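There are 2 protein chains.
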Amino acid sequence: MRLPEGFRAAGVAAGVKPSGRPDVALWVADRPSAWAATTTRNRFVAACVTRTRALYATEAPIRAIVVNAGNANCATGDAGVRDDAELAERAAAAVGRRDGAPLAPNEVVTGSTGVIGVPMPMDAVRSGIDAAADALSPAGGEGFATAILTTDLATKVAERTLPGGARVVGVAKGSGMIHPNMATMLAYVATDADVPQATLRAAWPGIVDRSFNQLTVDGDTSTNDMAIVMANGARPADVEAFLEALEAIAVELTEAIAADGEGATTLLRVRVEGAASDDEARVAARGVASSSLVKAAVYGRDPNWGRILVAAGGTRVAMDAATARVTVQGHRVYDGGPAPFDAARVAADMNARVVDLELDLGAGAASGRAWGCDLTTQYVHINADYTT
Amino acid sequence: MRLPEGFRAAGVAAGVKPSGRPDVALWVADRPSAWAATTTRNRFVAACVTRTRALYATEAPIRAIVVNAGNANCATGDAGVRDDAELAERAAAAVGRRDGAPLAPNEVVTGSTGVIGVPMPMDAVRSGIDAAADALSPAGGEGFATAILTTDLATKVAERTLPGGARVVGVAKGSGMIHPNMATMLAYVATDADVPQATLRAAWPGIVDRSFNQLTVDGDTSTNDMAIVMANGARPADVEAFLEALEAIAVELTEAIAADGEGATTLLRVRVEGAASDDEARVAARGVASSSLVKAAVYGRDPNWGRILVAAGGTRVAMDAATARVTVQGHRVYDGGPAPFDAARVAADMNARVVDLELDLGAGAASGRAWGCDLTTQYVHINADYTT
Chain A
1 MRLPEGFRAA
11 GVAAGVKPSG
21 RPDVALWVAD
31 RPSAWAATTT
41 RNRFVAACVT
51 RTRALYATEA
61 PIRAIVVNAG
71 NANCATGDAG
81 VRDDAELAER
91 AAAAVGRRDG
101 APLAPNEVVT
111 GSTGVIGVPM
121 PMDAVRSGID
131 AAADALSPAG
141 GEGFATAILT
151 TDLATKVAER
161 TLPGGARVVG
171 VAKGSGMIHP
181 NMATMLAYVA
191 TDADVPQATL
201 RAAWPGIVDR
211 SFNQLTVDGD
221 TSTNDMAIVM
231 ANGARPADVE
241 AFLEALEAIA
251 VELTEAIAAD
261 GEGATTLLRV
271 RVEGAASDDE
281 ARVAARGVAS
291 SSLVKAAVYG
301 RDPNWGRILV
311 AAGGTRVAMD
321 AATARVTVQG
331 HRVYDGGPAP
341 FDAARVAADM
351 NARVVDLELD
361 LGAGAASGRA
371 WGCDLTTQYV
381 HINADYTT
Chain B
1 MRLPEGFRAA
11 GVAAGVKPSG
21 RPDVALWVAD
31 RPSAWAATTT
41 RNRFVAACVT
51 RTRALYATEA
61 PIRAIVVNAG
71 NANCATGDAG
81 VRDDAELAER
91 AAAAVGRRDG
101 APLAPNEVVT
111 GSTGVIGVPM
121 PMDAVRSGID
131 AAADALSPAG
141 GEGFATAILT
151 TDLATKVAER
161 TLPGGARVVG
171 VAKGSGMIHP
181 NMATMLAYVA
191 TDADVPQATL
201 RAAWPGIVDR
211 SFNQLTVDGD
221 TSTNDMAIVM
231 ANGARPADVE
241 AFLEALEAIA
251 VELTEAIAAD
261 GEGATTLLRV
271 RVEGAASDDE
281 ARVAARGVAS
291 SSLVKAAVYG
301 RDPNWGRILV
311 AAGGTRVAMD
321 AATARVTVQG
331 HRVYDGGPAP
341 FDAARVAADM
351 NARVVDLELD
361 LGAGAASGRA
371 WGCDLTTQYV
381 HINADYTT
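If you read the sequences in order, they're chains A and B. Numbers 1 to 388, taken from my numbering, label the letters of the first sequence in order. Numbers 1 to 388, taken from my numbering, label the letters of the second sequence in order.
No wet-lab data here; the hints were simulated from the structure. Computed from a prediction, not measured in an experiment: that's the story for all the values here. For glycine and all other residues, C-beta sits at the position ideal for the given N, C-alpha and C. Check the hints yourself; a few may be wrong.
[To be verified] Every beta carbon over 10 angstroms from chain A, so not counted as near; a handful from chain B, in silico:
#1 G6
#2 L153
#3 E255
[To be verified] Where chain B lies over chain A, by a calculated footprint (3+ residues, C-beta under 8 angstroms):
#4 11-25
#5 40-52
#6 287-296
#7 303-310
[Unchecked claim] Beyond 12 angstroms from chain A on every Cβ pair, some chain B residues (computed):
#8 R51
#9 A101
#10 D134
#11 V239
#12 E273
#13 D374
Could you put the whole structure together from the sequences, leaning on the hints where they help?
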């Protein structure tokens, strides 16, 4: 991975994670950068989410993102709020010292993921931030991508080069299962494309709604979910081409997160057509991707059209069973009624890393997508065998 | 189980189920009876649901309920609609013949549960209805309760006697997992209490919202869900006492269904307090009871307050983490922040047939309940190992 022009990054092991793996990450722009962000819709939020929302409202540009993994700094009270602010202060001071140029704490966005209800190990975090600032490099993207992981099995990276040479690079983390809790989703995208902040902020929520927000592993949102894009404006770029690349990256990261869902053997890709509206299409797609019965059927390689129709119908979107169609891995299995299909052939084709489910609701012309993964016995083991 | 005065019931094995177990059920009142019904909220519905809604709208009284298990008569097109009508016609004729008094098809409510997308085996159903009519008896309640089951492990029955002697008797079926599909919930309650139909119809939807609709095993609704209460008016009764008994029966049946959830080892009983409204309390309680992470934690006997708060927060009801409280099996584990608790003791107490989770949202004075079960590896096996 090559970072866009004018960005440096780093990830270091600071001892926040008991495993000793990298856990403090820093991503710095060479100049004040336009940015857009979305944060979790959960009502129970971590200190970094509250702080990011406040920074966001000022509309001021940012210079850096600092993230720690291993501790979510959530349900940690007033001390947690102070610790979160100190992350930004420490990062600003460390980068400023390294570069010989000042940086304001309010130019640094914080992010955390990991255990909740436990005070941040601030000594480790402080030294980690200092070390990360010293390690900043244009080649540090992979290090950043590694240091934000929790129990993810692989880094998630996506990149595009635009006509004219501007670049867009994104990293994400997903379905880590950590004490005592849930799968925080963090996504960070940086570009040297010159895109006005107003454009970024107008486009980002819609892109997130069509990608990360259509991702379901557990059905639960987390206290710390965050998706941020920043643009330092170093290179001219066509805005349309940029936005297309940005959405492609968001979708690619979404699929990478779903494929790495806990205990998952298969990425579940759902496409809904024939919906009354884009919103209903997304609701239905998410309904199918999050249905335990559908997910277990995919694990069992069973092209179970009944579960798919019922999962969509349960979301109460407009649909017509008499004209609806269901396609599993390219095989039509329901067409206004049960369709004949070669069960052994379909099951064999479902035995894949990616399973595509397509559903036409027969109620309109709108479409939408969602992503998930199969529900496996391994998932239950991972989530039941843990003890607080 | 003793049926209320003036009711007879029966269940017979007619060969709809491949297993040869009882599969056609009949419940008959001696006179036209007031009734109330709720049907599935899924948009994909079976023929019996459409027919029941149409009958309901006429406000005419009913005389009988006929149910078959083993075939849901769903996604069966126009032929399925005709088959469903024939169930009522056949039942009316058979009961009329047996009693020597005519019964109209529109006085018979139909219900079906089982496989979807497969034509009803009408020869078996017809002979089953005739045999059930011949077998009708005041002692036939248990037979009815048995014949509506699919893969349920046990019959679900609840009964109350009111001051003055009127009785209320309810039966239900739940989380059967059958080709290709889902857990249809059927519930039937009969009483000899003299309750006006307007009273029944005003009260029943609210009772169902506080009981059956707060039950979650898969998170999916079914194409055939139905809950019906009928009152033949044979005995005077206090309406308040009747409604209280009716709700107690609905809750008791709900708990019985949840406890018999597929692969479940534990009934999960969630109580939410401190909500901004009754509706938000129910939404939050259902969010907790349906969370895969909470359900897996209960299976693992882990008092995981983080997952509980996050599941509630994800429903976006008003809550305040700084004043919220979480109690697991009587042990306070979160009190505006993590609370100290004896982990071994709590885990031991969670190793029970019923686990109670209590959550105070710290946002108001309203309360609500929901019911579910734990998520087990056995659940995944049952739902993945089936092949269409």
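Now for the hints, and whether the structure bears them out:
1. With a closest Cβ-Cβ approach of about 37 angstroms to chain A, G6/B is found to remain outside the 10 angstroms limit, as its non-interface label requires.
2. Here L153/B stays apart from chain A, with its beta-carbon at least about 19 angstroms from theirs, past the 10 angstroms limit.
3. Every Cβ of chain A is farther than 10 angstroms from the Cβ of E255/B; the closest lies at roughly 21 angstroms, confirming the non-interface assignment.
4. Only when three residues or more bring their CB closer than 8 angstroms to a CB of chain B does the claim for the segment 11-25 of chain A stand; here the count is 0, and the claim is violated.
5. With 5 residues having a beta carbon nearer than 8 angstroms to a beta carbon of chain B, the segment 40-52 of chain A meets the requirement of three or more and the stated coverage holds.
6. With 5 residues bearing a CB less than 8 angstroms from a CB of chain B, the segment 287-296 of chain A meets the requirement of three and the coverage assertion stands.
7. For the segment 303-310 of chain A, the proposed coverage by chain B is satisfied: 7 residues have a C-beta within less than 8 angstroms of a C-beta in that chain, meeting the threshold of three.
8. Listed as outside the interface, R51/B is consistent with that label: its C-beta sits roughly 16 angstroms from the nearest C-beta of chain A, beyond the 12 angstroms cut-off.
9. Listed as a non-interface residue, A101/B keeps its Cβ farther than 12 angstroms from every Cβ of chain A; the least gap is roughly 39 angstroms.
10. Taking the minimum C-beta to C-beta distance to chain A, about 34 angstroms, the non-interface status of D134/B holds against the 12 angstroms cut.
11. No beta-carbon of chain A comes within 12 angstroms of the beta-carbon of V239/B; the shortest separation is about 33 angstroms.
12. Every beta carbon of chain A lies more than 12 angstroms from that of E273/B, the smallest distance being close to 16 angstroms; the non-interface claim holds.
13. Annotated as non-interface, D374/B brings its C-beta within 12 angstroms of a C-beta of chain A; the closest such distance is 8 angstroms.
The structure is inconsistent with the numbered hints 4, 13, although it conforms to all the rest.
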